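Spelled out from the first residue to the last, the chains are:
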Amino acid sequence: MGSITLKQVTKSFGDVNVIKPLDLEIRDGEFIVFVGPSGCGKSTLLRMIAGLEDTTSGTIEIDNQDATDMPPAQRGLAMVFQSYALYPHMSVRNNIAFPLKQAKVDPAIIEQKIEKAAKMLNLTAYLDRKPGQLSGGQRQRVAIGRAIVRQPSAFLFDEPLSNLDASLRVNMRLEISELHKSLDTTMIYVTHDQVEAMTMADRIAVFNGGIIEQVGTPLELYQKPVNQFVAGFIGSPKMNFIAVEPTSDDATCTLGIRPEHFKITEESGRWSGQVGVIEHLGSETFLHVNVDGAGTITVKADGDCKLAYGDKIHLTAPDEKIMHFDKDGVTIPSLSWGEGCTYSAA
Amino acid sequence: MAIKDTKKSKLIYTLAAWSVSGMIFFPILWTIITSFKTESEAISASPSLFMFDWTLENYAEVLSRSPYFDHFMNSVVISLGASLLGLLIAIPAAWSMAFVQTKRTKNLLMWMLSTKMLPPVGVLIPIYLLFRDFGLLDTRIGLVIVMTLINLPIMVWMLYTYFREIPNEILEAARMDGAGIKQEIFQVLLPIALPGIASTLLLNVILAWNEAFWTLILTAANAAPLTAFIASYSSPEGLFYAKLSAASVMAVVPILILGWFSQKQLVRGLSFGAVK
Amino acid sequence: MATTQSRTLAKIMLFPSVSLLLAWMIVPLCMTLYFSVLDYNLLMPGDNEFIGFLNYEFFLTDPAFIESFFNTLLLVGGVLFITICGGIGLAVLLDQAIWGRNYVRIMVLAPFFVMPTVSALVWKNMFMNPVNGLFAHFAEFIGVTPIDFFAELPLLSIIIIVSWQWLPFAALILLTAIQSLDREQLEAADLDGAGPWSKFVYIVLPHLSRAVTAVILIETIFLLSIFAEILVTTSGGPGYSSTNITYLIYTQSLLQFDVGGGSAGGIVAVVIANIVAIFLMRLIGKNLEG
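Residue numbers (our numbering), protein chains in the order written: chain A, 1 to 346; chain B, 1 to 276; chain C, 1 to 290.
Hints are computed from structural coordinates only; laboratory data are not their basis.
The reader is advised that the hints may include incorrect statements.
[Said to hold, decoys possible] Below, simulated DMTMM-like cross-link-like pairs (lysine to aspartate or glutamate); rule was C-alpha separation at most 25 Å, straight line: (1) C/Lys199 / C/Asp182; (2) A/Lys263 / A/Glu320; (3) B/Lys8 / C/Glu184; (4) B/Lys106 / A/Asp15.
Note that the structure is predicted; figures quoted are calculated from it, not measured.
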């Protein structure tokens, strides 16, 4: 219950190929995040799984049943929209009751389910208000409540936190993760924010231009990205890329080093340069260093770093933390992950 | 100093505005006042604004000695009927154009609007002959049909603009919640769009009530609405200004009141998107 | 959003309005075209022969048509001029801070909601009548001979009546447009030292251009078909001096029962209206994009 399989799924709008042939297996009960830049197709794919968009070709199976041509109502899925899509003319209670009424559930049972969902989401005090009288966070919980009472095989979240302000976002992230633990239902979560992806996911699928670059656990993607795109997308601040000349026995064209892997040395190091803009966050400091022959490098330092604008410093990084990418941006595993490490995408 | 200036300019503008609008409104005001005068008072060479013997005799005469009430009811039935029938046809059309957009949607909408630009004289003869041959001349139902068709483009256009303001996601959420198309329209779309639908209805009642081409040509004694009936006051039969005024006031005041509430709808429905 | 299911449904929902409007437009129009090439007069029953473009020839060379054509131009042009200039002025005035703004709006908008036959009759009898009308009383008051409006200045009288009716429409549309003007532009102009006239000419007027164009096109479409006011006041006379194309076709079709000739006239009217409509459609198309 709650497993979804996509086989060779494509989507075109007219002549525009938005999603190239794509395979993906979503396991029952997992929290999988679709992440990627705007326009990469992740929301489109989510809507295709929901049944709100047609599939141009390929199949979508839900619990081993072919659901490709099924209308949304029959797929047993629930969706939380970016704008929550609450019914403005109905009270919170009726919003949550709506799907149950459509399914002709007994009114007494509807009451029970509403009470339960309201308690779980701290909505009991607001049941008789209308969405217009609620705050952003409360509206979001109503949207989640409406999804929960249907007891779907999977929850679909379409960038649910983007309309909330920063502090609320952090809280809601935790709430959704806790929800996942208590309900133990499959959740497919779309976001462009890689921090959300890293903190919430069991597995992450990184999308780019209609294809999935890599699927894996957060740590796998962080430590073993298959190409430059994934390496640069996961991790904040972004990984630094340094161009190098390929040689006959080393196909590396680009080196990738994360800001947190640099060590600053006073005397000598592999790279040297001048400190430019410094960002003090209190818990850590980010230095933007103009490195000879490599452009601007972002380096993470301790919170009490005493360096100033214009200081000359040297940088080194341990070999095992340096990624090597060939001319097509693909990671060279032997050089990046050490001997004998092979990693396969998806 | 700045405050005195703004007070002074406010005064000047207020005086200017009230004078100009007073002049514009004067004919209506004069008609209302005349309706309460006697006929001899109405044509008096030294007309007065308040100082005369106010009387209700004109209203009494118009209502009792002429079929005024019947024609009033004709106007009501025709305007309301055409607007409601129009809504029935226009709502589904606006739904599909607003929520299932295709490449052809825009062209279709523009084509519909273009049918409203057809000069009525272009189809005067065929419609007249068809109505004659089908026994629709001088019938309420015939006029309802015509009024529905000539205002259908505007109704579809207005409803389209109102529906577009409803986020698509709400209807998608309803679909995911298991709602079929009937539930989607009746339990979700219509309640949310109710103000827009009411506005469209209001504007169309006004437009149909005031229509003065087909109502004059396709009717005679039976189905004539007020537009045509009042026109029959135009052949002079002696002094009748006060009665004309009374008849006019009764024909116009309801629409003046409705019109006051429909300003925004007027802009939306008849400016075709030129202003927001 | 679109799935094949919803698309089929959409087609079904569109069907009634599209087919009705299609029928309303195509069927009568084709009939008019057909009649226009026949010799068909309701008073003279007999074979309605095909006479090709004779009807058109007669219609277009008829001096009545020439006069009506110019009358139509004058009518439309006159009303447009008065309503646009007046409309802009009113819009600017109503945009200012004044006391009782709501009441002023009611008064300015009222004429648009009065039915055309009532306005025509009120103006004809209570204002313009040379014996009992208010204008006549006023003229006598200042010692001048009253003007017999509908005998001496029939077209102008009708222009006055129709302008009175449409002025509120122009004012409302233009007022809405003015109120959508970004206040900050005007404030920036203040800082740059612009006076009220400069601000009006260089900022307000250009902003209004789109709305003014819309008002011109929309009013023209409706003004080409002015009918009730003429019917109720002058019946097109004296002679043809206050007949416009619409009224001319009406007299030919339903008063002289010349179905063939009237149909030819109807087609001519459609062609003229189409030319205006093309421009209006382009404007609407642009509005739909934005």
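Indices of hints not satisfied (ascending): The structure breaks none of the hints.
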